[in-house]
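Colleague: As you go down the protein sequences, you meet chains H and U in turn. When the letters of the first sequence are read in order and numbered with my numbering, they come out as residues 15 to 128. When the letters of the second sequence are read in order and numbered with my numbering, they come out as residues 7 to 329.
Be aware that one or more of the hints could be misleading.
[Said to hold, decoys possible] The calculated EDC-like cross-link candidates involving lysine to aspartate or glutamate, where the alpha carbons are at most 16 Å apart (straight line), are:
#1 U:K100 with H:E103
#2 H:K71 with U:D146
#3 H:K71 with U:D106
#4 H:K112 with U:E147
#5 H:K71 with U:D142
#6 H:K71 with U:E22
#7 H:K58 with H:D31
#8 U:K100 with H:D90
#9 H:K71 with U:E107
Just so you know, these hints were derived from the structure itself, not from any lab.
The chain contents come next:
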Amino acid sequence: LFTFFGDVAKIYRDLADVPADILGFDLVQGSATWPALVKHGSTKPVVLGLIDARNTKEEDPKAIAKRVSDRRSSVDLRASYLAPSNGLEFLPRDRARKKLRILRAAADAVGVAG
Amino acid sequence: MKALLTTSVGSFPKPEYLTRARTKASKGELSPEELRVLEEKATTEWIRFQEEIGIDVLVDGEQYRGDMATYFAENLEGTEISGLVRSYGNRYYKKPVIVDELRRRGPISVEWFRFAQAQTKKPVKGMITGPYTMMDWSFDEYYGSREEACLAFAKLLHEEAVALESAGAKVIQVDEPALSSRFDELRLLVKAVGTVTKGLEASTVLHTCYGNYNEIFEYFNKLPVDQLDLEMSNSGLDLLDRFKREPLKKEIAFGVVDVHTHVIEPESLIRERIEKALTIFAPSKLFIDPDCGLKTRSVEEAKAKLKNMTAATQSVRKSHGWT
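Take the sequences, apply the hints, and build the full model.
Modeller: Printed below as a string of structure tokens:
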């Protein structure tokens, strides 16, 4: 289950009961979900939508990697994914490709799937 | 008495010779000067047409613009233009990217306003893409805050509005189609539009379209402009009941033809729409226009819609003895 275009902070804990194997979050437009994730962790693997799919500004892969690595104790990162915050169709093609390279670099630095 | 003045929202379709010329110019096969000659020709043709059919407040038709946000952005410092980005459906535009502090190089649309106004004695609107829409339709790699980016655009667009007024614009329209995209940011929109219109003596208009008007309705009377220009026909005039309960304290430009359909509304249907509008709005505060810019229609469709619109308006005026 992937949610996007906003946060799910208020229902974050209820999502654990949703019949899905993996939970995905837009953590850019839905950045308010992040504190809930930090506080409660996740019993299910997660898709961390930390790469902004709605803006061309390039993220620092190291900074993204650090944010993700810091969750190692409360999220099973080996079963989890790093992803854009939602679909990349509203970025210019060259910028969308760059975002995917940033995603790969950040994922490699953490050791999660991207 | 002044009753049921007619106007247009802004853009008209480009004639085929201009579309072809723009393609050539984009490939470097036509000089900017050669393109300008054709843009002036097309602008003059649209001014003549509006005069012929009796429109009261004219527009230049935006024959020199591609996308409404990109046009302003490419004439500002601090921006770059990206590759093609999906706008909606299968329509794409080159979306602006804010890469540095926004600054105004000089007048953006003033020269075109002067050119258009010189072709007619009737008033021509000065047309500005609003600060909220400029921000919402741009990528931001510099400000990092939607409010900061929006207010930076607002400051520059105020300078443009003042320049338009100094050039003789009696009516200045701020286009904010993005108005209803984020209801939580309506206060920012009011502040930004207020920055643009502050101190202007010209009559000010805000155009918006295709949103959930019911969500933004309470802000209509707070918008710092003299007139609201609204798409009404595409949404089946469904706001009329609400306007009846909660009166608008401004002028309204009321869209009586749908710009998203090839169907040419017959005069009788447009007359009906105008009469319905007259049950709510005073004729002196009711302007008649299309829902939105007509650039997505063919030249023939746009002309037919405008002709029927003015004929229907004249007929309603006559039947009420307002001619």
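Colleague: Does each hint hold? Answer for all of them.
Modeller: Consistency of the hints with the structure:
no., hint, in the structure
1, U:K100 with H:E103, "holds (14 Å)"
2, H:K71 with U:D146, "holds (7 Å)"
3, H:K71 with U:D106, "holds (12 Å)"
4, H:K112 with U:E147, "holds (15 Å)"
5, H:K71 with U:D142, "holds (15 Å)"
6, H:K71 with U:E22, "violated (37 Å)"
7, H:K58 with H:D31, "holds (10 Å)"
8, U:K100 with H:D90, "violated (41 Å)"
9, H:K71 with U:E107, "holds (15 Å)"
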